[in-house]
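All chains should be modelled from the sequences, with the hints used to inform the complete structure.
These protein sequences, in sequence, are chains B and G. For the first sequence, my numbering assigns the number 35 to the initial residue and increments by one for each residue that follows. For the second sequence, my numbering assigns the number 6 to the initial residue and increments by one for each residue that follows.
Calculated from the structure, these hints are not laboratory results. Keep in mind the model is a prediction, meaning the values are calculated, not measured. Yeah, the Cβ is synthetic: ideal placement off N, Cα and C, and Gly gets one too. Just to be clear, a hint being listed does not mean it is correct.
Calculated cross-link-like contacts (lysine-lysine; reagent style DSS-like; alpha-carbon spacing at most 30 Å) [what the hints assert, rightly or not]:
id, chain 1, residue 1, chain 2, residue 2
1, B, K185, B, K164
2, B, K187, G, K52
3, B, K164, B, K187
4, G, K52, B, K164
5, B, K164, G, K155
6, G, K52, B, K185
7, G, K155, G, K171
8, G, K52, G, K21
9, G, K21, G, K54
10, G, K155, B, K185
Quick list of simulated restraints, FRET-style, between CB atoms [what the hints assert, rightly or not]:
id, chain 1, residue 1, chain 2, residue 2, range
11, B, S169, G, T118, 16 to 26 Å
12, B, R141, G, D120, 46 to 56 Å
13, G, L157, B, V191, 25 to 35 Å
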Amino acid sequence: MSLLIQLTLSFALLSILAVGGGTAVLPEMQSLLAHQFGIDHTQFVHIYSFGQLAPGPNMLMVLVIGYQLAGLIGAGIVLLSFFLPSSILCFYVGRLWNRFGESPWRRAVQNALEPISLGLMASGVYAVGKASIVSPITLVLALITFYLILKTKLNPVYLILGSGGLGALVMLYL
Amino acid sequence: MTLATDISIAKLKSPKLSDIFAQFLLIGAISFGGGIMAYERILLVEKRKWLSADEFMAYLAISQTMPGLNSVNMAALSGDHLRGALGALIATIGLILPGSLFVLGMGVLYASTSDHPLANLILIGIAAAASGLLAAITYRIGEDNWRHLKSLLIIVATFILMSIAKLSLPIVLLIMAPIAIYLYRPSQGV
Chain B
35 MSLLIQLTLS FALLSILAVG GGTAVLPEMQ SLLAHQFGID HTQFVHIYSF
85 GQLAPGPNML MVLVIGYQLA GLIGAGIVLL SFFLPSSILC FYVGRLWNRF
135 GESPWRRAVQ NALEPISLGL MASGVYAVGK ASIVSPITLV LALITFYLIL
185 KTKLNPVYLI LGSGGLGALV MLYL
Chain G
6 MTLATDISIA KLKSPKLSDI FAQFLLIGAI SFGGGIMAYE RILLVEKRKW
56 LSADEFMAYL AISQTMPGLN SVNMAALSGD HLRGALGALI ATIGLILPGS
106 LFVLGMGVLY ASTSDHPLAN LILIGIAAAA SGLLAAITYR IGEDNWRHLK
156 SLLIIVATFI LMSIAKLSLP IVLLIMAPIA IYLYRPSQGV
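Structure (structure tokens):
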């Protein structure tokens, strides 16, 4: 039971802190899961990549974390505690917004939060990269994906699946 | 504006809950590989005309400023706009339901086959690509922020506090948010 409460509190906190989208809380989530719930960095990166393969918001991968730790109930708890707090907050702010309209301070806050969430996203890249780029072949696969995402309009799902297949082939036969 | 168009607009603005659910469910099911906000814009502004382009931009700004996933926030805000609290709930559930079932299926597979050697090899490549993808998305979302000294300094300072000094996220936000808001205070312009 205490595991479920811990999960609820942790993910509710991450929800409220997820300024600029879920990627900003990746490093915090990774270290929290490692220290409090025993999910190591490799597992975390695997689960993270499931989110990239699924349709819908890629942070839905938090469900897998809940499932790993506490089965279906864990998945449900994590889903609610990660999505409800921020959604409710946004819902009420949206209503306030309709009442008060544009203010120069809102612009200021948004402009200020943008580089902060980028810095946090960069930390997310660093955290995920450190756990997933572990050999020359993984470095090459990551760089190819980076390049193709920026230079082409290929759907990321194909790139991720292709990288998984290519990586497995190379590691099996070379 | 005539009474007839008033009524037709009122009709457009309060669609059935089942329609809201179905439309967001569709986005949740087909948006492989991200870009959900683009699908939402097509639905809300072009396909169903539930929001004007201006309303969409205002909601987009709120979605991005508030914590939480932008696409989920957008679903809650536009659902509320269309049908109040129930609309917000229905839109949000529709958006996240397909992906939830999908990742849950993968999670069940993962939990039962995590020792499979071939699966492990494939996952190594998948994870490498996912980090390349994340780096590319971060770079692209940043746009001009990478080129301006002020924003670049905030990005670097945030990264250092988080990844090098390894402070916890609430502390990083408590340090960086006041500094950044001061730097971007209204009198400064942008």
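Verification of the hints:
1. B:K185 <-> B:K164: 24 Å, holds
2. B:K187 <-> G:K52: 23 Å, holds
3. B:K164 <-> B:K187: OK: B:K164 and B:K187 at ~26 Å, within 30 Å.
4. G:K52 <-> B:K164: 42 Å, violated
5. B:K164 <-> G:K155: Roughly 28 Å between the alpha carbons, so the hint for B:K164 and G:K155 holds.
6. G:K52 <-> B:K185: 29 Å, holds
7. G:K155 <-> G:K171: 23 Å, holds
8. G:K52 <-> G:K21: 15 Å, holds
9. G:K21 <-> G:K54: Given that 30 Å is the threshold and the Cα spacing comes to 14 Å, the pair holds.
10. G:K155 <-> B:K185: 27 Å, holds
11. B:S169 <-> G:T118: 16 to 26 Å: Hint holds: Cβ distance 22 Å, inside 16 to 26 Å.
12. B:R141 <-> G:D120: 46 to 56 Å: At roughly 52 Å between Cβ atoms, G:D120 and B:R141 fall inside 46 to 56 Å, so the hint holds.
13. G:L157 <-> B:V191: 25 to 35 Å: Roughly 32 Å apart at Cβ, these two residues keep to the hinted range, so it holds.
Hint violations for this structure: number 4 only, all remaining hints satisfied.
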